[in-house]
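Novice: As a plain string of letters, each chain reads:
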Amino acid sequence: MKNKKLLWHGRFTPWLFLLPTIIGLIVFRIVPIVWAFVLSFSQWSLLGSPKFIGITNYIEAFNTDTFIQTLFNTVEFSIYYVIGSIFFGLLLAVLINVKLKSIAFFRAIIYLPVVTSAVAVGIVWNWILGPNIGLLHTILESLNIPTAYWLGDPKIALRTVAFVQVWKMAGYSMILFLAGLQGISAQTIEAAIVDGANSVQRFFKVVLPMLAPSVFFVLTISIIDSFKNFELIYAMTKGGPQNATNTLVYDVYLNAFVYYRVGYAAAVAFVLLIFVGLLTIMNFYIRKNWARPLE
Amino acid sequence: MKKVLITLSVLIFVSLSVFANGQKESAEVKQDENVVLEWWTWDPDLKEKNQEIIAQYESEHPNVTINNTIVSTKEYWTKIRILANQNKLPDVFTMSSSTLEEWAENDLVLELDSFIDSDNTRDVFYSDLLEAVKDVSKTEHYYALPFALVTTTLYYNKDAFDAAGIDYPDDDWSWDEFRDAAKKLTIDKDNDGKIDQYGFWFYGRYAHVESWVYANGGRLINRDTMRFDPDEAALEALNMLSDLVLVDKSAPSQKDMSSIRQQDVFPQQKAAMWIDGSWNIDNNRNVSDPNMNWGIAKVPTGPSTDKGLTYAWTDSYALSPNTEHPQEAWDFAKYVAGEGVDLGMYLAGKIPSFKALTESEAFADPSKLPAEMNVLKEQAASEMRTSFTKGWSEWRGYGAAEALGFNGLIDGVINGEISLDEALVKGEKSINTVLARYYK
Numbered sequence: 001m002k003n004k005k006l007l008w009h010g011r012f013t014p015w016l017f018l019l020p021t022i023i024g025l026i027v028f029r030i031v032p033i034v035w036a037f038v039l040s041f042s043q044w045s046l047l048g049s050p051k052f053i054g055i056t057n058y059i060e061a062f063n064t065d066t067f068i069q070t071l072f073n074t075v076e077f078s079i080y081y082v083i084g085s086i087f088f089g090l091l092l093a094v095l096i097n098v099k100l101k102s103i104a105f106f107r108a109i110i111y112l113p114v115v116t117s118a119v120a121v122g123i124v125w126n127w128i129l130g131p132n133i134g135l136l137h138t139i140l141e142s143l144n145i146p147t148a149y150w151l152g153d154p155k156i157a158l159r160t161v162a163f164v165q166v167w168k169m170a171g172y173s174m175i176l177f178l179a180g181l182q183g184i185s186a187q188t189i190e191a192a193i194v195d196g197a198n199s200v201q202r203f204f205k206v207v208l209p210m211l212a213p214s215v216f217f218v219l220t221i222s223i224i225d226s227f228k229n230f231e232l233i234y235a236m237t238k239g240g241p242q243n244a245t246n247t248l249v250y251d252v253y254l255n256a257f258v259y260y261r262v263g264y265a266a267a268v269a270f271v272l273l274i275f276v277g278l279l280t281i282m283n284f285y286i287r288k289n290w291a292r293p294l295e
Numbered sequence: 001m002k003k004v005l006i007t008l009s010v011l012i013f014v015s016l017s018v019f020a021n022g023q024k025e026s027a028e029v030k031q032d033e034n035v036v037l038e039w040w041t042w043d044p045d046l047k048e049k050n051q052e053i054i055a056q057y058e059s060e061h062p063n064v065t066i067n068n069t070i071v072s073t074k075e076y077w078t079k080i081r082i083l084a085n086q087n088k089l090p091d092v093f094t095m096s097s098s099t100l101e102e103w104a105e106n107d108l109v110l111e112l113d114s115f116i117d118s119d120n121t122r123d124v125f126y127s128d129l130l131e132a133v134k135d136v137s138k139t140e141h142y143y144a145l146p147f148a149l150v151t152t153t154l155y156y157n158k159d160a161f162d163a164a165g166i167d168y169p170d171d172d173w174s175w176d177e178f179r180d181a182a183k184k185l186t187i188d189k190d191n192d193g194k195i196d197q198y199g200f201w202f203y204g205r206y207a208h209v210e211s212w213v214y215a216n217g218g219r220l221i222n223r224d225t226m227r228f229d230p231d232e233a234a235l236e237a238l239n240m241l242s243d244l245v246l247v248d249k250s251a252p253s254q255k256d257m258s259s260i261r262q263q264d265v266f267p268q269q270k271a272a273m274w275i276d277g278s279w280n281i282d283n284n285r286n287v288s289d290p291n292m293n294w295g296i297a298k299v300p301t302g303p304s305t306d307k308g309l310t311y312a313w314t315d316s317y318a319l320s321p322n323t324e325h326p327q328e329a330w331d332f333a334k335y336v337a338g339e340g341v342d343l344g345m346y347l348a349g350k351i352p353s354f355k356a357l358t359e360s361e362a363f364a365d366p367s368k369l370p371a372e373m374n375v376l377k378e379q380a381a382s383e384m385r386t387s388f389t390k391g392w393s394e395w396r397g398y399g400a401a402e403a404l405g406f407n408g409l410i411d412g413v414i415n416g417e418i419s420l421d422e423a424l425v426k427g428e429k430s431i432n433t434v435l436a437r438y439y440k
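Just so you know, the sequences run in chain order A and B.
FYI, in our numbering the residues of the first sequence are 1 to 295.
FYI, in our numbering the residues of the second sequence are 1 to 440.
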C-alpha cells in the first residue's frame, strides 16, 4: 500500500508540468498583448517614456484616407486568398487523391512552397512577374499575348500578391482536404455509383457535403492566414504602388519599426485583432449551425 | 589650551596630508584604471577592419578596452533606440544625419562643443562637415563627429557619350544641354521598337529627386514653417523630371525598371546617365563590364540659380550622454573618425571627414574609375543641403516604406497614374500631416 504522506503533492503535479507553458504563455503572449493594448493609447517613439493620449491613435487611424485604403486592401486580399486557397487546395487534393506509384513525389512537390521562405518566394516571383526581363513577360510576349505590369499597376498589384500567396499556401489546404477526402469511405462512393450518380454528381452531392468540416477548417485557417501577409508584401511591393498593397499587418510593421510610432502601430494591431476576432467568431457560428457533416 | 590647539593643528595637517595624498593616489589609479568602452557600428562588412582598429588602439592605450558590436542597418535603429530607452547607450555609436535632430532634442547624445574647441579637431577634420552636422541637429551645438560625407553625383557612360558624339558633362552643363544629351542617348539599338538604352533614369527616390531640386537652388520643406512647401525652383525641377519620362521619353517609368536593382541600372548600361549617392561608385566598379568607361560629374546647375546647392549629408559618431568616460570616449571617436582608419574603411565614393585621408593620393586612385574623383572633393567644399526632418522616412518614403510617401507619389507621376499637380496636392496633405505631428 502506498504511503499517502509521500503523495501530498499529487494535486499539484499536473500544474507543475503545466507551469513552463503557463509561464511562457503569460510572459510571451498575455503580457505583450495587454501591454500593446495599453500602448495603443499612447504616443511613443521608443525614446523616452510613452505619453498617454487617450484614443487619439484610433481617431487618427479612422480619419486617414491611407488607413481606410489599407483596411479595404486587407479585406480584399483576404477575400482573394481565402477563395483561392480553398479552390486550389480542393482542386489539387482531388487531383492527387489517386493511387499511383509516384503520387507521394507530386504531393511533396505541391507542398514544397509551403515550407519555402516567403521572402525567397517573393524574390523569385518578382523576377517571374517583372516587366521587360520577367519570365512571364517574355513568354506572353513570344506568344503575342498582351502583358501587364503585374506588380507595378495599382489596379492589379494586390491581386497579383494574393495570387502568389495562394500559390505558396495551396499545398497546405491540399493536405487538409486530402485528409478529409481519404476519410470518406469507399462504400459511400460505391453506393452513389450504384444509384447512378455520375462523377460530377458524386463530387457535389456526396463528396463535398461530407467534406464540410474540412472546408470550414480550411476557411478558418485561411482567414487567419490571410492577415499574415507581411513577408510577401515586404519582398514584392513594399506596400506600393500608391499604397495599393499596403495591408494592416504591413502598416503595423511600418509604424512600429520604420516610423517608430509604436503607440499608433499598437492601435492598428488592435484594429487587426478585432477584425480577425470577429471573423473567427462568425466562422465558428457558421460551422456550428450549418457546417455539419452528413451522418 | 595651547596644547589642544597644537594637537588639533597637527591632526588637521596630518588628515589633510593623508587626504591629499589619497586624492593624488586615486587620481593616479583613475588614470591607470582599465576603461571599457562600448562601440556600436552598423556595417557588418567592416568587422575585421574594426578589430584591426581596436587592436591598434588598445596597443596605444593599454588601459582601454574596446568592445565592438555591429548591428546591420535594418536592425540598428530599433536596437539602439531600446538601449537609449533603458539608459544603456554604448559610449560611442554611429549616428545618421536623418535622426540626429530627434536624438539631440531628447538629450540622447552628448554635446561635443567643449571637446571640439579644446583640441585640434577643427584643424584635422573639415570644418564644413562639422557645420553640416550642427545644421542637421537644428541646434547651435555639435552633437556628433562626422567620419564621412556622402553626396549625390551624376554618373555618365563615356562610351555612350562617345558613340553619340556628345561632349562629356562639365561644371557649366545646363539643364537644356542635359535634356538634349538624354534624348540623343536614348537608343533602340536593335530596331525592335524597344528602347535598349535610355538617356537617363530615376524614380521617386530621395537621392534621385532632391539632387535636382537643390541644384536649382530650391527646397521641398520650408525650414521656417517646417511644412512641405516646394518653391518655384523645386517645382521647376519636378516638372523637368516628369517631362523627361512623359514628354521627352528619354527616361523610363519607374515600373519599367522595377525588375532590376536600382543601383544596377546604370552599370548594366540600361541608362547612360544616372544621379545617386557617391557611395555607388563601389557598386559601379563591381557590377559594370570591366571595359565600360564611365565617369562622374557635378549635378547640372538649374536655370533658377547661378550656383546650385549640393545634396550631401554626413555619417557620424555620437557619444552617450551617460558615458562614464567622456574623455576616453571622445578620444576613441576621434581616432575611429580620423587618424585610426584608412580608405579601406570607406566605400569608394564616401568622402572621409579627416582631411589627411581625403587629400591623400589614394583617394583619387588613377588606376580606378571614375577618373573624376576630385569632383567629390569640390562638391564637399560647396554649400550643402539635406531634406532630413523628424518623420523623414515616413513622409519621404524610405526603406521598407519606399513605395509610399513622396517617393510613391513621384513614382505615380512617372508611371502615368497621376499628374504632378495631383501628386503635389496629395503630398501637401499627407506630408504636412506627418510634419505637423513633429513640428507644432
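Derived by calculation from the structure, the hints in this document are not laboratory data.
Heads up, some of the hints might be wrong.
As a list, the in silico EDC-like pairs of lysine to aspartate or glutamate whose alpha-carbon atoms are at most 16 Å apart [as the list claims (entries may be wrong)]:
#  : chain 1 : residue 1 : chain 2 : residue 2
1  : B       : LYS426    : A       : GLU231
2  : B       : LYS307    : B       : GLU378
3  : B       : LYS249    : B       : ASP180
4  : B       : LYS74     : A       : GLU190
5  : A       : LYS205    : A       : ASP225
6  : A       : LYS155    : B       : GLU378
7  : B       : LYS355    : B       : ASP180
8  : B       : LYS270    : B       : GLU383
9  : B       : LYS390    : B       : ASP162
10 : B       : LYS194    : A       : GLU60
11 : B       : LYS355    : B       : ASP159
12 : B       : LYS138    : B       : ASP172
13 : B       : LYS429    : A       : GLU190
14 : B       : LYS307    : B       : ASP107
15 : B       : LYS307    : B       : GLU417
16 : B       : LYS49     : B       : GLU339
17 : B       : LYS134    : B       : ASP159
18 : B       : LYS429    : A       : GLU231
Some chain A residues close to chain B (C-beta under 7 Å, calculated; not the full set) [what the hints assert, rightly or not]:
#  : residue
19 : TRP8
20 : PHE12
21 : PRO131
22 : ALA148
23 : GLY152
Beta carbons: idealized from backbone N, C-alpha and C, even for Gly.
Novice: Check each numbered hint against the structure and report the violated ones by number, ascending.
Specialist: 1, 4, 5, 6, 7, 8, 9, 10, 11, 12, 13, 14, 15, 17, 18, 19, 20 and 22
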